[in-house]
Amino acid sequence: MAFTYGGLIREIKQKKEGLMGIQLPMLSMHFIDFANHAGLSSDDYPTIQAYISKASYQEKRAVFEALGFKVLYMTLSAIKVIHFAEGRTDGAPTNPSINQAFLDNQRNVFVLDVEVGMKNLYFVLEYQSDEPLADFTVDREKLAEEQTQKERLRAIFGRNKK
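Once you know that position 137 of the sequence shown is 137 in my numbering, the rest is easy, because the numbers rise by one and skip nothing.
Worth flagging that the hints you see were computed from the coordinates, not collected in a lab. One should not assume that every hint holds.
The calculated label-pair distances, taken between Cβ atoms and stated as ranges, are [as the list claims (entries may be wrong)]: (1) Q149 - H37: 19 to 27 Å; (2) E145 - D33: 32 to 40 Å; (3) D139 - T89: 22 to 30 Å; (4) H37 - K150: 34 to 42 Å.
Here the structure is a predicted model, which is why all the values come from computation and not from measurement. A virtual CB, placed ideally from N, CA and C, is assigned to each residue, including glycine.
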């Protein structure tokens with residue numbers, strides 16, 4: 001994989017949704033590969049834990065901003081990524097959510113997961129393009145089936161509550 005703006009976009013166009021409940025595609029990368037591609041010093045950051053604790057927020061952002069991406073969010077938690085994409089973080093929900101705007105072809109957003117074992121650092125990245133990323137990564141038929149199934153379940157459980 002080429003760790004460039006175009007290389008990451010080409011790679012993410014081959015992916016599907018990565019975290020349960022949202023449709024944003026996700027690219028996973030081992031920390032060693034990330035460190036090599038990003039040009040991180042192995043003396044300064046020998047492990048993902050060292051990178052997480054020693055690198056400043058701005059230093060982490062700069063890796064992707066230098067390539068031309070906008071860093072929307074960074075976290076150690078997959079649940080927080082899901083909540084962020086759904087617009088359920090800190091205060092009033094965003095409308096539409098990032099996930100919905102992605103599905104509506106209004107935003108090109110994806111998740112880059114840097115991992116080692118059970119330790120993860122998630123970046124939610126956005127880029128501008130006339131080619132909607134969702135057209136490459138979302139199975140619209142499968143999504144419609146899942147939505148229909150959810151509506152049926154809501155109807156069943158809604159009747160049982162009365």
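Checklist line | In rising order, the numbers of the hints this structure does not comply with | finding: 1
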